[in-house]
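Chemist: Assemble the dimeric complex from its two separately framed chains, guided by the hints.
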Amino acid sequence: MGVAIEVNGLNAWFGKAQVLADINMNVDANHVTAVIGPSGCGKSTYVRCLNRMHETVPDARVTGKVQVGEIDVYGSGTAAVDVRRRIGMVFQKPNPFPSMSIYDNVAAGLKLNGFRNRRQLDEIVERSLRLAALWDEVKDVLKKKSGASLSGGQQQRLCIARALAVEPELLLMDEPASALDPISTGKIEELIFQLKKDYTVVIVTHNMQQAARVADYTGFFLMGKLIEFDKTEKIFTTPSDKRTEDYITGRFG
Amino acid sequence: MRTRFQQGLDELKTKLLEMGGLAESVVEAAVEGYMRRDPAACQIVFGRETIINQAERDIDGIAVDLLAMQQPMASDLRFILAVLKINADLERVGDQAVNIAQRSLDLMKGPPVEIPVDVPRMTTAVATMVRRALESFITANSEVAEAVLKMDNVVDRMKDEAFVTLVRQMEKDPENIRFYLDALLVTRNLERIADHATNIAEDVIFWVRGDDVRHGQGLAKAAERHDEGIEGHKSH
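Sequence lines, in order, name chains U and F.
Mapped onto my numbering, the consecutive letters of the first sequence carry residue numbers 1 to 253.
Mapped onto my numbering, the consecutive letters of the second sequence carry residue numbers 1 to 236.
Since the hints were derived computationally from the structure, they do not count as laboratory data.
Built from N, CA and C at the ideal position, the CB exists for glycine as well.
Just to be clear, a hint being listed does not mean it is correct.
What the hints assert, rightly or not - Partner residues are not named here, just some residues of chain F that face chain U (Cβ under 7 Å, in silico): (1) Arg2; (2) Gln71; (3) Met73; (4) Ala74; (5) Asp76; (6) Gly210.
In isolation and in its complexed conformation, chain F is listed as follows (with noise of 0.2 Å):
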């Protein structure tokens, strides 16, 4: 066994995985301020995306540094690779929390106004997305991560619905304009972290069985060769 080697990837996973957490919490924090009105959860949004960008740096380092001193092949490259590729999501899906905080604080300034749009039920949708696609890689499971590749199509369908309603509203009520179109903004950035959780779940399929299924390409042709029995290694 290569000790220090399987010391860099052991520590590159626990950082991703302490980064993924970050990343559920500001989507929470976020949409609780926007849910409840609430300026201190957007705060902590706020604080805690420095973090986040500072553990996407530290990532991006241990990989870099594991690339070039460990020449890593095969199911180690590929998870390298993944980790590269799920730190950048897992920081966008941090700034998308950020956007949602900021649009928040935005509708905070004005009265209260009903919003026609079910975000709670997005929201969960959306976070339960997250959570799977990090599970996924934790577990080193395919299976969860092609489950989460097919959530993203409900997300959409919402965000769609969402706008239609939106629209509508603000022909409605223009007064208002102003907040229907925050309220758009927040589905809007909901639907991108959704995004950002199948991208994880394309990456760790990759990860796992080496299928390239990004695009919607290869999921039938990743289904047959798990079939056939052939995985990837799932030591990490």
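This is chain U alone, in the form it adopts within the complex (with noise of 0.2 Å):
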């Protein structure tokens, strides 16, 4: 299995505010691991760090490591556009392109890239809606409906088919149920459960039933710092940091 993203003295701002300080915090590999801590705490940045989403909003900065594989992220020779490639992102709110039909959303990222083979790009296309979860509920209607006429869940599992589609290496979700009602989000729950046999997850929450639900293993942040990283269960049962127990206890602040 081994480590999929080594993460060493990992720093970012926000022009001169510092929203992150001195982060070591690898992810295994097949596994899901949870980052959780209150609003402002740097859980966002640290993963819109590893694909290089940080550095699109103006005046932000990085320094510090990120490996994923071979690749160095923030090495010099190292192009946005290939990493963010080989690290899909799902966002907290489901963004399908709204006038494309449930077929064209998914192969988007494919065409995008100058694929063209029909028969390959129709395999690909039901390939990644059935590991989204989503290839019965979408298989009759793929160039017949939008993606907007979707349910919300269905399309956040849209957007996930969508990310599967290009193959990435690891999936980043930044809260990624918390617009979903409960029965759509144990349906991403259980994808997640499933999608960590052939990827890893870095998955945002708020939730921390849902860390302790789908998460091997856990990150609390705290004021752009990583108090503590930990086996899930570990986290939420006996955590040794004080604030950490704090937070998960609901005694913050």
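Modeler: What follows is the structure in structure tokens.
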């Protein structure tokens, strides 16, 4: 299995405000790693630094080392576009391309990269939708219905299928279920559990029960620092740091 | 702060302490009934045991509600798990006291027979274990709980000595064998109460430090962690 992402001495800023300080947190391959912490703790920034999304914000800056397989994410010869192709991302609010069909939503990334083989495209779309546990619900309306016509939970699984279609090595999820009802949330969580057979998943969540349910490892961030990182069962039953304890028991602040 | 949740935890603690007080009192009453051949003391045991049984159900109900509705984590989760287990142990302490009271009533059917076993000394040791186990729970003090674990060996030895003495006595005085057997069962009941006190102390250590020290495992580890200054949350 081994380590999928190595993060050493990671710092991040928005303008002059430092939002991450000296983060050392590796992510194991084929495992789910959750990142938890209060609003503004830096958990989303950490994840956005892994695929160079952080730098898309004006004045944002990063130092430190992020290694994904053989790629030095912040190496001088590494293009951000390549990094983002290898590290897929799913956001809080489902964001399918509204005017595109379900099929085209999934195929969009591949088409953008110049992929034109129709038969292979069909196969990849089906495989991705099956992986995202959406195939059975949409297989008969693939080209008839738009992405926007699906329910919120289906849209989120469509976005996951879209991310998987380009065969990333890692999947980052920033609050993927926070806008969904419990049944859709359950489907996303089950999907995350299934995905770790083939992928490495990092999930940011405000919902601690969700972290406890889906993650193998959990990191707790507070004010830009990684306070504690351990196996999920350890974090939620016997955390070592009092700040972690206070946060997860609701005594924070 | 989660006020409603905290109120639930406080209520759980108060109810368990009330139950602990009741359990302590039935052990005392049972031994008094035995020592003084006092049927009234035995009746107190039977009466209070019913209250203990109801308290057990009430505490289980509150704990299950908190688990279902508040999704407790970390020391809160360990606290509720510990309470559920301590609750069961206290109810069993009540059952053991009832057994002692029943033996005592049986003994009262015949003339007083001298029992060559120091039951008061054993009772004092057992009652101390129960009291200190509950004290460790009230104060979230794992060191007091550890002291209880160490006392269990002493009570075990007393029970073994009583067994040897009483079997010898049965051989010497077979006419009164039934009474010696009752006395033997009383010492066994006392020893079982000490076992429940030990379980309670182990559960307190689990709650406070997160260490599993059951079956004599992990005490050294627990002490080591404590030395490192890693302590559980003690705000309950």
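Chemist: List in ascending order the numbers of the hints, as given earlier, that are violated by the structure.
Modeler: none
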